[in-house]
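S.K.: Here is what each chain is made of, one letter per residue.
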Amino acid sequence: MIVADRKPFAEIMSMVEKYSKILVVGCGSCVTICMAGGEEEVKILASQLRIAFRKQGKNIEVQEAMALRQCDDEYMDDPVLIEKVRWADVVISMACGVGVQHATTFFNRIIEERPTRVVPALNTTFMGANLGAGEWEERCLGCGDCVLEKTGGICPITRCAKSLLNGPCGGSSNGICEVSKNTECAWHLIVERLNVLGELDRIKQVEPYKDWRPSHSGGMRKRVREDMRI
Amino acid sequence: MNQFEPEIVAFCCHYCALAAADTAGKMGIQFAPNVRVIRVLCTGKVEILHLMKALEAGADGVVVVGCKFGECYFKDGNYRAQKRVQRAQSLIEEAGLEKGRLRFDFVPGPGGKKFAEIMNTMTQQVRALGPNPLKQKQ
Numbered sequence: 000m001i002v003a004d005r006k007p008f009a010e011i012m013s014m015v016e017k018y019s020k021i022l023v024v025g026c027g028s029c030v031t032i033c034m035a036g037g038e039e040e041v042k043i044l045a046s047q048l049r050i051a052f053r054k055q056g057k058n059i060e061v062q063e064a065m066a067l068r069q070c071d072d073e074y075m076d077d078p079v080l081i082e083k084v085r086w087a088d089v090v091i092s093m094a095c096g097v098g099v100q101h102a103t104t105f106f107n108r109i110i111e112e113r114p115t116r117v118v119p120a121l122n123t124t125f126m127g128a129n130l131g132a133g134e135w136e137e138r139c140l141g142c143g144d145c146v147l148e149k150t151g152g153i154c155p156i157t158r159c160a161k162s163l164l165n166g167p168c169g170g171s172s173n174g175i176c177e178v179s180k181n182t183e184c185a186w187h188l189i190v191e192r193l194n195v196l197g198e199l200d201r202i203k204q205v206e207p208y209k210d211w212r213p214s215h216s217g218g219m220r221k222r223v224r225e226d227m228r229i
Numbered sequence: 000m001n002q003f004e005p006e007i008v009a010f011c012c013h014y015c016a017l018a019a020a021d022t023a024g025k026m027g028i029q030f031a032p033n034v035r036v037i038r039v040l041c042t043g044k045v046e047i048l049h050l051m052k053a054l055e056a057g058a059d060g061v062v063v064v065g066c067k068f069g070e071c072y073f074k075d076g077n078y079r080a081q082k083r084v085q086r087a088q089s090l091i092e093e094a095g096l097e098k099g100r101l102r103f104d105f106v107p108g109p110g111g112k113k114f115a116e117i118m119n120t121m122t123q124q125v126r127a128l129g130p131n132p133l134k135q136k137q
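If you read the protein sequences in the order shown, they are chains A and B.
When we follow numbering that gives the first Met the number 0, the leftmost residue of the first sequence carries the number 0, and every step to the right adds one.
When we follow numbering that gives the first Met the number 0, the leftmost residue of the second sequence carries the number 0, and every step to the right adds one.
The following block holds chain A by itself, in its conformation from the complex (with noise of 0.2 Å):
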């Protein structure tokens, strides 16, 4: 899923503190899951931002809804949603990068009396898994070309500070990063796990350069499935 933190309360009412009808919509999917953007993270950050007001004398209305998903018009199409974003002056999208510059798009183009501003509450930072409560870790980098059925599972391009194709590299020690005393070595994980799978010969076979052109490096990427196009 993709995993989120709140930016700092200082820089989010930097962002709205002269309008006065605020709107605060959460997203009910992946920042749901990592606690960043959800129901109960609306109404805190609602609750922040009437205490701050109300403390600076201000009278400012701030108003909550959500989405089930911001990155999805079918999501989006909720009148109740709807009548509250046009009511409001600015809308903090509590969702994933994406989501915020699909409620945008959405946003604009169902109200045409005039625009609709909205604004970022949260720092997207990875595609991740969730290790426990309250932990999350990187395990996806959405190269475009997997390469996991060599590697045993575990991803180099993401879990390797380097994105080596062929590892470890001299900064693995006792099966650390070199990078950070927290950062497990990818490629010691790999070593190990290719030697429980009994496919250790694989790490002699030598991994041409990778083809990052699937990558972002290619520009903003798209798909187009003809075949479910109405």
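Honestly, I wouldn't trust all of these hints.
Below, a list of computed lysine-lysine pairs in the DSBU-like style, where the Cα atoms sit at most 35 Å apart [to be verified]:
1) K42(A) x K98(B)
2) K113(B) x K17(A)
3) K74(B) x K17(A)
4) K180(A) x K134(B)
5) K42(A) x K44(B)
6) K113(B) x K6(A)
7) K52(B) x K57(A)
8) K83(A) x K44(B)
9) K20(A) x K134(B)
10) K161(A) x K149(A)
11) K82(B) x K42(A)
12) K20(A) x K44(B)
13) K98(B) x K180(A)
14) K82(B) x K57(A)
15) K113(B) x K54(A)
16) K180(A) x K74(B)
17) K83(A) x K82(B)
By construction, these hints were calculated from the structure, which means they are not laboratory data.
The hints should help you fit chain B onto chain A, whose structure is shown.
M.R.: Positioned in the frame of chain A, the structure of chain B alone reads:
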């Protein structure tokens, strides 16, 4: 000039703090009359939002009183409550309120005296901070 009398909301665990409040009553121990007690089944049930909403609604201080660590009836509710109070403290501080308006403490069931001490010190602490600025601007 009249002394400021703060309004304090106390979220009290049914199994310890509430029993301690009863014990204080039975022992005839007086404590600050500024406290409004809200009984909760476990302090682990108290969410960050409950604390913030109490302040938004004009409470001058909020205290969460649970069981001693290791003695929670539901195993780890008091640990959760302590972390949530700490988180809520940083959230209200960001928004411009003093973190001293929120407090977590613990007391065993027979601890009537300790319960009274917590409520008295919280009242003094909040009195020193002054009225909740949101109350004046409602």
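S.K.: Could you run down the list of hints and mark each one as holding or not?
M.R.: Structure-based check of all given hints:
1. Between K42(A) and K98(B) the CA atoms are separated by roughly 19 Å; this keeps the pair inside 35 Å, and the hint holds.
2. A hinted pair counts as satisfied when its Cα atoms are at most 35 Å apart, and K113(B) with K17(A) does not qualify at roughly 47 Å.
3. At most 35 Å may separate the alpha-carbon atoms for a hinted pair to count; K74(B) and K17(A) exceed this at roughly 47 Å.
4. Restraint check for K180(A) and K134(B): the C-alpha separation of about 49 Å exceeds 35 Å, so the hint is violated.
5. For a cut-off of 35 Å, the pair hint linking K42(A) to K44(B) stands: about 17 Å separates their Cα positions.
6. About 40 Å separates the Cα atoms of K113(B) and K6(A), which puts this hinted pair outside 35 Å; it is violated.
7. Under the criterion of a C-alpha separation no larger than 35 Å, the hint pairing K52(B) with K57(A) is consistent with the structure, at around 18 Å.
8. At roughly 31 Å between alpha-carbon atoms, K83(A) and K44(B) fall within 35 Å of each other, so this suggested pair holds.
9. Proposed proximity of K20(A) and K134(B) is supported: the alpha carbons are some 21 Å apart, at most 35 Å.
10. Restraint check: the Cα-Cα separation between K161(A) and K149(A) comes to about 17 Å, which is no more than 35 Å; the hinted pair holds.
11. Distance check on the hinted pair: K82(B) and K42(A) sit about 18 Å apart at the alpha-carbon level, within 35 Å; holds.
12. The hinted pair formed by K20(A) and K44(B) meets the criterion: a straight-line CA distance of about 32 Å does not exceed 35 Å.
13. Taking the CA atoms of K98(B) and K180(A), the gap is about 34 Å. The hint holds against a cut of 35 Å.
14. Distance restraint check for K82(B) and K57(A): the Cα-Cα separation of roughly 31 Å lies within the 35 Å cut-off, and the hinted pair is therefore satisfied.
15. Using a Cα cut-off of 35 Å, the hinted pair K113(B) and K54(A) holds, with the two alpha carbons roughly 34 Å apart.
16. This hinted pair checks out: K180(A) and K74(B) have alpha carbons roughly 33 Å apart, not beyond 35 Å.
17. Taken as a hint, the K83(A) and K82(B) pair is honoured in the structure, with Cα atoms around 34 Å apart against an allowance of 35 Å.
Hint check: violations occur at hints 2, 3, 4, 6; the rest are consistent with the structure.
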